[in-house]
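Protein sequences appear in the order of chains X and R.
Sequence positions in the first sequence follow full-length UniProt numbering and run 1 to 318.
Sequence positions in the second sequence follow full-length UniProt numbering and run 1 to 307.
In case anyone wonders, no lab produced these hints; they're calculated from the structure.
The C-beta atom is built at its ideal place from N, Cα and C for all residues, glycine as well.
Mixed in with the good hints, there may be bad ones.
[Unchecked claim] Here are a few chain R residues that sit away from chain X, every Cβ distance over 10 Å (derived from the structure):
1) 43
2) 93
3) 105
4) 270
[Claimed, not checked] List time: in silico DSS-like cross-link candidates among lysine-lysine, alpha-carbon distance up to 27 Å:
5) 3/R <-> 144/X
6) 24/R <-> 105/R
7) 34/R <-> 110/X
8) 105/R <-> 239/R
9) 111/X <-> 82/R
10) 9/R <-> 82/R
11) 6/R <-> 144/X
12) 97/R <-> 291/R
13) 110/X <-> 164/X
14) 6/R <-> 24/R
15) 144/X <-> 82/R
16) 24/R <-> 3/R
17) 34/R <-> 144/X
18) 9/R <-> 111/X
19) 105/R <-> 20/R
20) 164/X <-> 246/X
21) 9/R <-> 144/X
22) 110/X <-> 43/X
23) 164/X <-> 43/X
24) 152/R <-> 281/R
25) 98/R <-> 34/R
26) 152/R <-> 98/R
27) 144/X <-> 97/R
28) 239/R <-> 9/R
29) 144/X <-> 20/R
30) 164/X <-> 175/X
31) 111/X <-> 166/X
32) 24/R <-> 144/X
33) 17/R <-> 144/X
[What the hints assert, rightly or not] Quick list of the computed label-pair ranges, beta carbon to beta carbon:
34) 12/R <-> 35/X: 45 to 55 Å
35) 166/X <-> 246/R: 53 to 63 Å
36) 176/X <-> 218/R: 29 to 39 Å
37) 120/X <-> 285/R: 34 to 44 Å
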Amino acid sequence: MMEFDLENPLTNFNDFCPGTTIPSPFLVESHHMPTGNYVNTLKARELDISVRRRAISLISQLSYKFSPFLSYLAVNYLDRFLSIQGIPQPKTWVLRLLAISCVSLAAKMKKTEFSLAHFQGDGGFIFDAQTIERMEYLILGALKWRMRSITPFSFISFFISFFKPKDPPLRQALKARAVEIIFKSQADVKLLEFKPSIITASALLSASHELFPLQFPCFRKAISSCSYVNKENMLECYDLMQDIAKEGYESIFNMVSISNTPVNVLDQHFSSSESETTHGIVTTATTIALRTEGDIKRRKVNDYRKNQTVHLSQVQHC
Amino acid sequence: MDKYEKLEKVGEGTYGKVYKAKDKASGQLVALKKTRLEMDEEGVPPTALREVSLLQMLSQSLYVVRLLCVEHVDTNKNGGSKANLYLVFEYLDTDLKKFIDSHRKGPNPRPLPPSLIQSFLFQLCKGVAHCHSHGVLHRDLKPQNLLLDKEKGILKIADLGLGRAFTVPLKSYTHEIVTLWYRAPEVLLGSTHYSTAVDMWSVGCIFAEMVRRQALFPGDSEFQQLLHIFRLLGTPTEKQWPGVTALRDWHVYPQWEPQSLARVVPSLSSDGVDLLSKMLKYDPAERISAKAAMDHPYFDSLDKSQF
Numbered sequence: 001m002m003e004f005d006l007e008n009p010l011t012n013f014n015d016f017c018p019g020t021t022i023p024s025p026f027l028v029e030s031h032h033m034p035t036g037n038y039v040n041t042l043k044a045r046e047l048d049i050s051v052r053r054r055a056i057s058l059i060s061q062l063s064y065k066f067s068p069f070l071s072y073l074a075v076n077y078l079d080r081f082l083s084i085q086g087i088p089q090p091k092t093w094v095l096r097l098l099a100i101s102c103v104s105l106a107a108k109m110k111k112t113e114f115s116l117a118h119f120q121g122d123g124g125f126i127f128d129a130q131t132i133e134r135m136e137y138l139i140l141g142a143l144k145w146r147m148r149s150i151t152p153f154s155f156i157s158f159f160i161s162f163f164k165p166k167d168p169p170l171r172q173a174l175k176a177r178a179v180e181i182i183f184k185s186q187a188d189v190k191l192l193e194f195k196p197s198i199i200t201a202s203a204l205l206s207a208s209h210e211l212f213p214l215q216f217p218c219f220r221k222a223i224s225s226c227s228y229v230n231k232e233n234m235l236e237c238y239d240l241m242q243d244i245a246k247e248g249y250e251s252i253f254n255m256v257s258i259s260n261t262p263v264n265v266l267d268q269h270f271s272s273s274e275s276e277t278t279h280g281i282v283t284t285a286t287t288i289a290l291r292t293e294g295d296i297k298r299r300k301v302n303d304y305r306k307n308q309t310v311h312l313s314q315v316q317h318c
Numbered sequence: 001m002d003k004y005e006k007l008e009k010v011g012e013g014t015y016g017k018v019y020k021a022k023d024k025a026s027g028q029l030v031a032l033k034k035t036r037l038e039m040d041e042e043g044v045p046p047t048a049l050r051e052v053s054l055l056q057m058l059s060q061s062l063y064v065v066r067l068l069c070v071e072h073v074d075t076n077k078n079g080g081s082k083a084n085l086y087l088v089f090e091y092l093d094t095d096l097k098k099f100i101d102s103h104r105k106g107p108n109p110r111p112l113p114p115s116l117i118q119s120f121l122f123q124l125c126k127g128v129a130h131c132h133s134h135g136v137l138h139r140d141l142k143p144q145n146l147l148l149d150k151e152k153g154i155l156k157i158a159d160l161g162l163g164r165a166f167t168v169p170l171k172s173y174t175h176e177i178v179t180l181w182y183r184a185p186e187v188l189l190g191s192t193h194y195s196t197a198v199d200m201w202s203v204g205c206i207f208a209e210m211v212r213r214q215a216l217f218p219g220d221s222e223f224q225q226l227l228h229i230f231r232l233l234g235t236p237t238e239k240q241w242p243g244v245t246a247l248r249d250w251h252v253y254p255q256w257e258p259q260s261l262a263r264v265v266p267s268l269s270s271d272g273v274d275l276l277s278k279m280l281k282y283d284p285a286e287r288i289s290a291k292a293a294m295d296h297p298y299f300d301s302l303d304k305s306q307f
């Protein structure tokens, strides 16, 4: 059985004639997003945002030696799981178990060689295979075994076909930059509510705006007129993404600094030319991050919802 | 699994027992497919994970039986632990085999209405095209594996192949005979690199069976199965099917001339015979694909918008 490829989640665009049937990735993409109130819950509570950040940061630490796509998939599982089960108690062992299980599931889906033993030790917690397995089944149940996620990567070739210049090097450059923007955007809570296809369209537009400003108006017009795309939605997403594409390093380094992950861990996601420019920003970003974390700590005591504590305790006896 | 009340064993699928059961809370009937998991030191077995999630994705098609949920059951007995995965599918009370049988024997034998054959075949092609576009071969299409919703006139593909995730015996789970009737000649001849065309051969055999109300090639051994095929379609030649004589299990066979296909499906329209002949091409590369079949003139008189 083949490995799962995020760009090609086995849903074939070519099988559908435009206009007659909606290509299936557009039909099912919302099954692969966090549900309902997740974004609002996160936005409303700084604490929840920090729990998510810590979990994402753990996932990055655990998966940096694999491909960034694997990380992306694991975070997709995390968000979908949290949106169904609720934000857990911000206990380190809970988050660590959750992160290990998401990475393990993503690695298995991507047929990546790994051993659970690799995930042990450095965090100070050791989980046996059975505990991780129980957590994996809990996640699978919550996600209804829909593990072949439709992600923004699934839509790249579809939307790139709207780009006028056909030269492969230009399209390659556009795609590469859009992929970077998509990776960066995942950590940002503001973008969580947008469908994967909208994220893709916006990321490609941002990339085009940066790299091929002359082609941009035409590209935007073409994508906006695609009937599967909600134009207002996309433009809203595009505006938010512009900020992330420019200053997005902040939110990523934010997340990194909280868990004290070495910065170079995340550099892997960027091209070398970029990491040069980012080093200047690191210091400022870290200061911002530390300040935020201080705020969170102050609020922690009063702010925690007790009714959410049960969810992860299920792990032990399900 | 307390959520379900097992009603009866309805079958022995290739991968384990199948039970008809009732969801206690909703009263909904379901088919429970019990599969034993290999034990794994690394948590959820990766192959099971990939295959069940693939099944989950495929079952989003109306023409594939829907996977409702998956239940993982761990039992610890006498120190040894056993893990089972229950795949919970929607329950349909009849299949194409029973349906054809009811038209052949019983109180009121009669042919299947041509428009129904056309509709079932189209849905079958649509389901097969869906699986193939996802890179999945069924490998064991047969009337028993095609479930019917008689009221709505819907046909759904079931028993999609789960490969190595589950401890699969080479033959059947029990001593039931694995049917060869729908098996493509390249498989019978020991070809190791087979493709989507193997499913289209089966679709052709099923098509003919709906028209005839009896199997087209009812062989009882691999050798007999080949002879059944050769007697009707002629013994294949290198010219017709380049490479056939180099296949692993190729022998020297009696030389038969091709017979008229229309004679074995006398009630089928000429468009239907043409489509059937394209599904039963010897050379797998020449055999019609499911997607191309859906555009064949045989379906011109079908209102495709309903599917």
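Of the numbered hints stated previously, which ones are contradicted by the structure, given in increasing order? 1, 6, 8, 13, 18, 22, 23, 24, 27, 28, 31, 34, 35, 36 and 37
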